[in-house]
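Protein chains in written order, with the numbering used here: chain D, 1 to 518; chain X, 1 to 188.
Check before you lean on any hint, since a few could be wrong.
Quick partial rundown of chain X residues pointing at chain D, CB under 7 Å, derived from the structure [stated by the list, open to error]: (1) 59; (2) 62; (3) 64; (4) 65; (5) 131; (6) 133.
The hints are simulated quantities; they were obtained by calculation from the structure and are not laboratory data. By construction, the Cβ of each residue, glycine as well, lies at the ideal position given by its N, Cα and C atoms.
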Amino acid sequence: MAANMKERANETSLAWRMGITADDQLQRKVLIGFTDADAQLLRELYPLIAQHADEIVDAFYRNVEGYKELMDVIQNAGSNIDRLKAAQRRYLLELFEGNYGDEYVERRLKIGIVHNEIGLTPRWYLGSYSVYTQLIFPLVQKKYLFKPTKCMQMLLAVNKILSFDSQLAIETYIDAVMSDLKSVSLSKGDIETTVAGYRDFVERVATGDLSQRIEIEGSDDLAELGRQLNAMTESLAGMARQITDASDSMSGSLADMVGTVAGQSASASEQAAAVTETSTTLEEIRAISAQTQDKAAALGESADRTRAEGEKGTEAMRETVAGMEAIREKVEGIAENIMALSGQTQQIGEITSTVNNLAHQLKMLALNASIEAAKAGESGKGFAVVAAEVKDLAEQSQEATEQVRQILQDIQNATDKAVMVTEEGTKGVDQGMHLVQQTGETLRNLTDVIRETAAGSQQIVAAVRQEAGGIDQIATAMGDINSVTQQLVGSSEKTRTAAETLAQIAEQMRDSVSAYRL
Amino acid sequence: MSDGRHTVAAMPESPADRAILEQRARQLARLHEQGDLDAERRLYVRFRLGPAEHYGIPYEYCEGVVPAAMIASVPCTRAFVRGVINHRGEMLAVLDLKQLLHIDGDACGEPQVILVRDQAVTAGIYVDEIIGSDEYIPSQLAAPLPTDSTINLDYIKGIYQGRVAVLDPVAILGDPAITENHATESVD
Numbered sequence: 001m002a003a004n005m006k007e008r009a010n011e012t013s014l015a016w017r018m019g020i021t022a023d024d025q026l027q028r029k030v031l032i033g034f035t036d037a038d039a040q041l042l043r044e045l046y047p048l049i050a051q052h053a054d055e056i057v058d059a060f061y062r063n064v065e066g067y068k069e070l071m072d073v074i075q076n077a078g079s080n081i082d083r084l085k086a087a088q089r090r091y092l093l094e095l096f097e098g099n100y101g102d103e104y105v106e107r108r109l110k111i112g113i114v115h116n117e118i119g120l121t122p123r124w125y126l127g128s129y130s131v132y133t134q135l136i137f138p139l140v141q142k143k144y145l146f147k148p149t150k151c152m153q154m155l156l157a158v159n160k161i162l163s164f165d166s167q168l169a170i171e172t173y174i175d176a177v178m179s180d181l182k183s184v185s186l187s188k189g190d191i192e193t194t195v196a197g198y199r200d201f202v203e204r205v206a207t208g209d210l211s212q213r214i215e216i217e218g219s220d221d222l223a224e225l226g227r228q229l230n231a232m233t234e235s236l237a238g239m240a241r242q243i244t245d246a247s248d249s250m251s252g253s254l255a256d257m258v259g260t261v262a263g264q265s266a267s268a269s270e271q272a273a274a275v276t277e278t279s280t281t282l283e284e285i286r287a288i289s290a291q292t293q294d295k296a297a298a299l300g301e302s303a304d305r306t307r308a309e310g311e312k313g314t315e316a317m318r319e320t321v322a323g324m325e326a327i328r329e330k331v332e333g334i335a336e337n338i339m340a341l342s343g344q345t346q347q348i349g350e351i352t353s354t355v356n357n358l359a360h361q362l363k364m365l366a367l368n369a370s371i372e373a374a375k376a377g378e379s380g381k382g383f384a385v386v387a388a389e390v391k392d393l394a395e396q397s398q399e400a401t402e403q404v405r406q407i408l409q410d411i412q413n414a415t416d417k418a419v420m421v422t423e424e425g426t427k428g429v430d431q432g433m434h435l436v437q438q439t440g441e442t443l444r445n446l447t448d449v450i451r452e453t454a455a456g457s458q459q460i461v462a463a464v465r466q467e468a469g470g471i472d473q474i475a476t477a478m479g480d481i482n483s484v485t486q487q488l489v490g491s492s493e494k495t496r497t498a499a500e501t502l503a504q505i506a507e508q509m510r511d512s513v514s515a516y517r518l
Numbered sequence: 001m002s003d004g005r006h007t008v009a010a011m012p013e014s015p016a017d018r019a020i021l022e023q024r025a026r027q028l029a030r031l032h033e034q035g036d037l038d039a040e041r042r043l044y045v046r047f048r049l050g051p052a053e054h055y056g057i058p059y060e061y062c063e064g065v066v067p068a069a070m071i072a073s074v075p076c077t078r079a080f081v082r083g084v085i086n087h088r089g090e091m092l093a094v095l096d097l098k099q100l101l102h103i104d105g106d107a108c109g110e111p112q113v114i115l116v117r118d119q120a121v122t123a124g125i126y127v128d129e130i131i132g133s134d135e136y137i138p139s140q141l142a143a144p145l146p147t148d149s150t151i152n153l154d155y156i157k158g159i160y161q162g163r164v165a166v167l168d169p170v171a172i173l174g175d176p177a178i179t180e181n182h183a184t185e186s187v188d
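Build out the structure end to end from the sequences listed, making use of the hints.
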């Protein structure tokens, strides 16, 4: 039962797959004369090798590092020298452990397969045995310098086990080559038949028949070639289909494009005419703008003059207010003087009244005197004359006082009128002051407005100047647009020609593609 | 004879010149007549009663003129008695002629009192205004005309030049109505 389990286990091993059975192992050992005594000798060497394992491995890899090709192989396998040194040390010590059964064979086969897979050719692999020999033999010879027989046996044992290993390694390489050869499963006749079928197929494709496909059997390289031929034909058919579709749609698009280009050409012509018209209009606008600029400049100057005049007006108004104030003071002074004069006139009137009263009394006295003189008779006649003259004087005084009174009355009336006129004058001056102040306020506001207007005019002048600059730029741009439009007209014509040519090419292309049967 | 001849010879020959000469002669003759009238002239005090009526009192009856402000009114007297006045220590009655002559109208001007004497009787006459002294010719006084409103025509000596009524103080002061009333009032 245990033997059965071992047998089944061997079925998955490399040795079983490669047909290396226990008998086979034994035959190989017999062939090279490897005995248990050799195994014993190798085991005896173990301590020595273990002692020098590191320096042997180091020496081995110093040799390897000299070959760039080898280092590339190691690097491409995703490994490095340190990891390899550990594996190599283990490999080296296994040579001297003394167990050379199935497990040993399995590990050695595995090493060979791994080296084959990473692309390390047998040349390098087998060469390394010679390197080992050159490293190990001097150690053995040195240890058994005085036991030549034993030394020879030891060296032979080492040589035998290295030979055993190299056999196994060669087996793995050969096995790999054989399995590659086995994958070519078809016979020569089958290959010829298949190739003939492929040739017919390719000829049909060459004549434009893309509807056929090769029937594929198997998975070898020839079958793969057939699949690729099928895929190629499929791609060709797809391309031919796409070309047909593309040429169809291209013809349609080109027709549209020709129409569009014709429309564009017409539009471009209209645009050119419009641009010319716009340029003419712009010239007119520029002329108007120049006039506007002149007028705006004149307006600015007028506004400046107006502002200056307005400020002069404000100054004059200020002086007028001061003058009106002075007039008011003077008129008030006149009114006071007239009032004083009126008072004095009244005093004169009182004095005149007193004089008149005295004259009246004098007149009465003169009358009494004349009466007394009359009583005196002849002797009183001279007195009567004096009394009459006194009476005349009294009457003259009365007349004079009456005249004075009349004059005073006139003066009083005139004074009253003057007072009234003066009061009206004062009121008038007050009203005048008020009006002048209002006028001054209005003039100040007006001056402010004028000042703002002047500033606005300056801004207008600047704006008009900028506008003129803008119009010049527009005119230049319109000129550019005009030339571009002219170019566009020419280009449209060329495009139309090119589109027609393209339409012809598309037609030809469709004719060409129609040779394919899809 | 020669003078007469010279005189005749000196006479203007033209009738016009003769007329002028004749007129001058008449004027000279009238001046002589005027000189006679001047001798007849009498002075009088002219005054006003009421708004416009002018009256006069001859100088020979006048004692003087004093201001009416000196009048002291006396109660319970007749209406024509304006009051009394003290003249040089003598108490005199002042008569209101406007009452006696029935003169209406507002008084304006400066009222005065004219002192009048007739023999032993002296009294004051109240006037609205003294105009002054003037002259009149007694022979040219016109008789006063009776009207509905005027009474006591005896008080008026005559109308001079149709403007001034010259009063007769003798008639006024001697009027029994006044004196009797005086007596009655004094008895009372």
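Structure-based check of each hint:
1. Satisfaction of the interface hint for residue 59 of chain X is found here, the shortest Cβ-Cβ separation to chain D being roughly 4 Å, below the 7 Å cut-off.
2. For residue 62 of chain X, the interface hint holds, since its Cβ comes within 7 Å of a Cβ in chain D; the closest pair sits about 5 Å apart.
3. The beta carbon of residue 64 of chain X is positioned within 7 Å of a beta carbon in chain D (closest approach about 5 Å), and the interface hint is therefore held.
4. Because the smallest distance between the Cβ of residue 65 of chain X and any Cβ of chain D comes to about 5 Å, under 7 Å, the interface hint for this residue holds.
5. For residue 131 of chain X, the suggested interface contact is broken, since its CB lies about 10 Å from the closest CB of chain D, more than 7 Å.
6. Satisfaction of the interface hint for residue 133 of chain X is found here, the shortest Cβ-Cβ separation to chain D being roughly 5 Å, below the 7 Å cut-off.
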